[in-house]
Amino acid sequence: MRELLNTFLDTTKERIKNPFIGAFIFSFVAFNWKPIFVILFASQTIQEKIEIVESEYTGLLYNLWLPILFALFYVLILPYIMWLFDRIASKAVVGRKENVLEQQLFDLRSKQRLAEQESRLEDIRASFRETADLNKKIDILSTQIEERDKTIEVLQTELETAQDDQSRLQNFLRHQNDNSLTEKQKEDFAKKYESFKTSDLYEFFKEVGSEISRRNSVPNNMDDLIIEKFRHTDIIREVRDEENQRTYYEFTKKGEFFWKEYILNLKIVRKPDPKDDLPF
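Taking our numbering, the leading residue of the sequence shown gets 3, the next gets one more, and so forth.
Just so you know, these hints were derived from the structure itself, not from any lab. Nothing here was measured: the structure is a model prediction, and the numbers come from that model.
The following label-pair restraints were derived from C-beta to C-beta distances:
| # | residue 1 | residue 2 | range |
| --- | --- | --- | --- |
| 1 | Met224 | Glu245 | 25 to 35 Å |
| 2 | Gly97 | Glu120 | 30 to 40 Å |
| 3 | Lys208 | Asp243 | 20 to 30 Å |
Built from N, CA and C at the ideal position, the CB exists for glycine as well.
Using the sequences and the accompanying hints, generate a full structural model.
Printed below as a string of structure tokens:
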């Protein structure tokens with residue numbers, strides 16, 4: 003009995019799952035809710051409820067034809083109506099999406115045109131800046147050229163003055179009376195000076211001679227052997243000042259002659275100032 007009941011329930015479930023049967027049951031309940039409520043909730047006896055239902059709610063229209071028509075409508079016609087609504091709605095959705103896409107494309111094209119205009123504007127500004135910078139550099143270079151020309155004029159004047167001073171000094175040294183040397187000594191010293199110019203001491207002579215002529219001293223950073231060689235070649239001599247307890251150096255007659263020849267033959271050329279160079 004239990005198995006028969008389970009089989010009946012399973013079969014009923016399968017039948018209810020059928021679209022038409024489910025629609026028919028739903029429509030039957032919808033059209034006959036009054037007799038169902040009478041059967042379930044009326045206070046009369048079951049026999050009286052049956053009599054009421056048979057007398058008032060047993061027409062074929064509500065019990066059969068309307069539920070069948072509604073079930074047929076629900077199963078056969080309603081899907082096509084829903085399909086029609088879906089088609090209409092889908093066109094609206096597609097149209098809305100197309101409108102959104104067109105709006106986005108329009109925004110992108112607008113942004114692209116704006117970016118192009120901004121790029122052109124930036125190029126124009128950059129061109130103006132480059133032109134302004136170039137004009138500024140031209141002004142700076144023009145000013146530097148004018149300053150350099152003025153500096154050249156000043157240096158030219160100083161050079162001419164220095165050359166005049168050198169010429170006067172050389173003439174003075176050439177024509178001063180030197181009673182301490184005979185002509186023979188001068189000729190001998192002149193020959194020795196020519197030989198001295200090819201010796202290894204000659205490259206140190208400017209430094210040693212400058213220190214002796216200005217301070218009666220020798221350069222502190224010079225090797226003692228070089229100083230000794232100058233002494234032994236009779237160009238300089240060491241003098242002890244016992245009174246002041248100090249030692250100083252001076253030229254010998256030979257050294258004075260050598261230094262005089264070195265100074266007279268020295269060409270004075272002013273070195274250019276690196277700051278005057280133009281930044282080309």
